[in-house]
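From first to last, the protein sequence lines stand for chains Z and L. Sequential numbering from 256 applies to the first sequence in our numbering. Sequential numbering from 256 applies to the second sequence in our numbering.
Treat the hints with caution; some may be incorrect.
Heads up, the list lumps identical chains together, so a pair's fine if it works in one copy or across two of them.
Unchecked claim - No farther apart than 16 Å at their CA atoms in a straight line, the calculated lysine to aspartate or glutamate pairs in the EDC-like style are these:
| # | residue 1 | residue 2 |
| --- | --- | --- |
| 1 | Lys293 | Glu639 |
| 2 | Lys306 | Asp370 |
| 3 | Lys293 | Asp486 |
| 4 | Lys293 | Glu446 |
| 5 | Lys306 | Glu364 |
| 6 | Lys293 | Asp608 |
| 7 | Lys293 | Glu612 |
| 8 | Lys293 | Asp546 |
| 9 | Lys306 | Asp608 |
Since the hints were made in silico from the structure, they are not lab data.
Protein chains: 2
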Amino acid sequence: MTTTFEHAATATPGPVGRPQPDAEVTAAVQDVARRSQKASRVLATATRAEKDQTLHALADALVAASGEIVTANAEDLARGRENGMSDGLLDRLTLTGDRVVAIADALRELAALPDPVGEVVRGQTLPNGLRMRQLRVPMGVVGMIYEARPNVTVDAAGLALKSGNAVILRGGSAAASSNTTITTVLRAALEARGLPADLVQSIDAYGRPGGIALMQARGLVDLLVPRGGADLIRTVVEQSTVPVIETGTGNVHVYVDASADPATAVEIIMNAKTQRVGVCNAAETLLVHSDAAERFLPAALAALGGAGVVLHGDEGTRALAPESVEVTPATDEDWATEYLAAELAVRVVGSLDEAIEHIRTWSSGHTEAIVTRDLAASERFVAEVDSAAVMVNASTRFTDGSQLGMGAEIGISTQKLHARGPMGLAELTTTKWVVHGDGHVRP
Amino acid sequence: MTTTFEHAATATPGPVGRPQPDAEVTAAVQDVARRSQKASRVLATATRAEKDQTLHALADALVAASGEIVTANAEDLARGRENGMSDGLLDRLTLTGDRVVAIADALRELAALPDPVGEVVRGQTLPNGLRMRQLRVPMGVVGMIYEARPNVTVDAAGLALKSGNAVILRGGSAAASSNTTITTVLRAALEARGLPADLVQSIDAYGRPGGIALMQARGLVDLLVPRGGADLIRTVVEQSTVPVIETGTGNVHVYVDASADPATAVEIIMNAKTQRVGVCNAAETLLVHSDAAERFLPAALAALGGAGVVLHGDEGTRALAPESVEVTPATDEDWATEYLAAELAVRVVGSLDEAIEHIRTWSSGHTEAIVTRDLAASERFVAEVDSAAVMVNASTRFTDGSQLGMGAEIGISTQKLHARGPMGLAELTTTKWVVHGDGHVRP
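Let the hints inform the model, and build the full structure from the sequences given.
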C-alpha cells in the first residue's frame, strides 16, 4: 500500500538481466536461510496458543525496549536529515513511544486472529477406502524486502510467525539502526520463550548484494514478498528465482454507468479519490458514460476540484467542467498513471464496452468499480473486467484485508498466482496432502 | 510425470544468467500472446455447456483427421530414427489410429469433469452490508512448454480450454510435424464452433528463442507450466519472469517403522518401486528402522531383487541381504538420485528422527510414506515431513490427480506457491473478489 522507495534501482538493465551475486555474501545469506529453515521446523508444529503467547511476549518486549528503539531511530532520523530526506519520509521513519505501543498492539491484534495452519481445505474418503485430506501448513521460510518504515519489520515478523513461518528481513538502509534494534529485541524475546531466535533474522548487514542473494536462494526461501514502491517490486520480481508475490500497483478506475444515480456516483468517486490519496486502492481514473455525463460531471468535477483534486480530462469532460474548475487536457500518460496523489484523470465514454476496453488497456488489474442501477450492466462489468477486485456501487477503497473481513493483510496482490487481491495469513501458508490407508497399493 | 527431455540445455550458464532474447522473435511471440489474451476473453465468460461441447467437437475433429495426424507423425518418426532416437522415445512419439482415439477420449473425459470457473471460494455479508464473494475465474493465458510426446499438445489444450484459458504451446522439435497438424486441426474445430482459433496457438515456428520470449512475456502470459524432464523444468524456472509452476521431480521415500507389519511393508515398497518405474511418484529410497530390519529386510530385498530391482544399500542393509541378492554399497549420490528406473537405495536408520532427518536432507518434497502400526509415529511423520504428499500405510503411487479423485492432472507440483501436489483444473484458475454495495463508501 506504500509508495515511496529509497532502494536505488540497480545498475543492471531491464527485464532480462540478473545481477551476478557476490559469492561470499551469497554463502552467508544461504547460511542464514538454512538456519531459518531449521528454526521454521520448530514453529511448524507449534499450537496456536503457543504462537499467540509468543506474539504477546514480543509485543511486551517491544514496549519494554521502547526507549532503546526510539534512541536507535533518532540515529536513522539524523542520518536522514543529513541526506536531505523529505519531511514525508522522515515522518514515516519516525518512531515515538506511542508509535512503538501501536506497533506492539498490531502484534496483539494478530494474536486474536484465527490460525490458518491445520485448516482442512479438502477431504474425503475415496472409493478404495483411502482417507485423504489437504491441510494448510506453513510455507517454511518467508523473505520480506521492504522500504524504510521500521513498523514493517515488526509487522512482517508477526505475520510470518502467526502463520508458522520463519522470516528473513531485508529492510531499507535508511532505517538500519531502528531495524537492528527491533530485530535484536524480537530475537531475545523469542529465546526467552524457548524458541529459536533464528525465526527472525535480518540480512541488512549484507547490503544490496545480500538482497540479491536472498532473491536467488531458490530451494532455501519458499516465498519472497516485496513491500514498497513500484521500483522495489519490479526489481524483486525481475531478479528473483525464489517465488515472489507481486503487490500493490493500483491504476484504479471508477466507471459511472448511464443509469447511475448521480449523487451516489459523486459520493463514491469522492471517497475513492479523496478519502486517502497515496494508497493503491484509491481511484486514479474516472470513466463516465456519455448519457450520464451532463447530470453527473458538473457536480462531480466541482466537488473534486473543491477538494483540491488536480483534474485532467478528455474533451467531453472539459466541455462539462464548471468555470470555477480547471481541467487540463488528458493524455495517454494520464490514463497510464497511478498518481497516488490528489490528481485524477477523467474521460467520457460512449458505452459500457468502451469503458471496459479502456480498463483493459490501462488498468493494473487491482480494483475497478461500476456505479449503476442497471443489473445487466453490473453483471457484464463483473464478468468482463479482469481485476483482483470488482466493486458494484461501492468505493474502491474497500479492497483491503481488514475491510473485507480477513484481518491483517500482507499486501494486495495484483498477480494471479497463489494470491489475488488482499493477502491475509492464509496466503502465507501452503498445503500438504495427507493420505491414510490400511496397506493400500495401486492396482 | 514424464522424465525424458530432448530440449538441449541452453548455452547460458547457471541459476543467475538469463539469455538475451531475440528482438524480432520476442515481438512476434508477444503478438501471439496478445492474440491469446484477446481470445481468452471470449472463453472466460463461456458456460460449462459451451466448453464441454467444444471439447467433444475437438475430439471428433481429431478422430476425423486421424489419417492426416498419423502421416505427419510418420515424418517425425523418420527424423527421429535418422537422429538415432532411442526405442523408448520413438515409442512415446508414435501416434497410431488407436492412440489418436485415446487422445480424443481424454478430451471427452475432461468434458465430464466439473467446471472450476464460477465456484464461490469464500463469501459473506460484511457488518456494513457489503456482499462479498471470492469467485474462481480463468487465469487468462497459460503457456505450456513440453517435450516430444504429441499427446501433451491435445492434453494441454483441453485442460486450458476446460478451465477457460487460452493456451500457447511450445512443444519439442522432435514432434514438430505431429504438433503442427494437431494444432491446425484443433484451431479449425474451434473456428467451426464460432470460437477464436487463437485460443490454441503454437510458437514452435520460433524455435528456442520463441520459448525464451514466452518465458519472459510477463504481463501477457499469466502462467507457464513446463511438462517434461528435470532439465526442461530447471531451464524454465530459471529463465522465466512469467510465473511458473514447477512440476515433477520426485526423490520419493518409503520409511518402514519399528512397528510396521512386515508383509504390509513389503507390499507397499514393491508397489511403490515396481508397479511403474520412471514416474515421479515411484519410490527411490527405502528407509528401515533398525528394530524392523531383521524381520523385514531379508524378505523385502529378496522380493525387490527377484523383481529385477538393482539395489544399493548401507552396511546395515547389506548385512541382511539374502545371498542370492546383490546389494552394492550406497553412497550419498544414491540418496540424492531419482533413479526413475528399477533401482532403489536402502538404508537402516536408528530411529524415526533419523528417518525424518534423512528425508529432510535428500527429499525433493514430492511424496513420502510411512509404514507403521504406531499412532504417535504416524502423527510425527505426517507433521514433520514437509512434502507435497505424506502417505500412512499406503503406496507413494497414490500421489496422482485421478487416484486422489481430482480428475485430470496437469502435473504434480513440488513447489509451495499456488499449487502443491497433484494439480487439477482448479489450479489453472485464479480468483476475483466481487463486492456489491448500495453506494457504500469507506468512513
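Hints, one by one, checked against the model:
Taking the shortest Cα distances, Lys293 and Glu639 sit within 16 Å of each other only across copies (12 Å), while inside one copy they are farther apart (46 Å). Taking CA atoms no more than 16 Å apart as the test, Lys306 paired with Asp370 passes inside one copy only; the shortest distance there is 9 Å, against 39 Å between copies. In this homomeric assembly, Lys293 and Asp486 never come within 16 Å of each other (Cα to Cα): the closest approach is 32 Å inside a single copy and 28 Å across copies. Only within a single protomer do Lys293 and Glu446 lie at most 16 Å apart by alpha-carbon distance; the minimum there is 15 Å, versus 55 Å between protomers.
Only within a single protomer do Lys306 and Glu364 lie at most 16 Å apart by alpha-carbon distance; the minimum there is 13 Å, versus 46 Å between protomers. Taking CA atoms no more than 16 Å apart as the test, Lys293 paired with Asp608 passes between copies only; the shortest distance there is 14 Å, against 54 Å inside one copy. Taking the closest pair of Cα atoms, Lys293 and Glu612 come within 16 Å of each other only across two copies (11 Å); inside a single copy the shortest separation is 50 Å, beyond that limit. Taking CA atoms no more than 16 Å apart as the test, Lys293 paired with Asp546 passes in neither setting, with 63 Å inside one copy and 28 Å between copies.
Taking the closest pair of Cα atoms, Lys306 and Asp608 never come within 16 Å of each other, the shortest separation being 50 Å inside a single copy and 24 Å across copies.
Comparing the model with each earlier hint shows violations of hints 3, 8 and 9; every other hint is respected.
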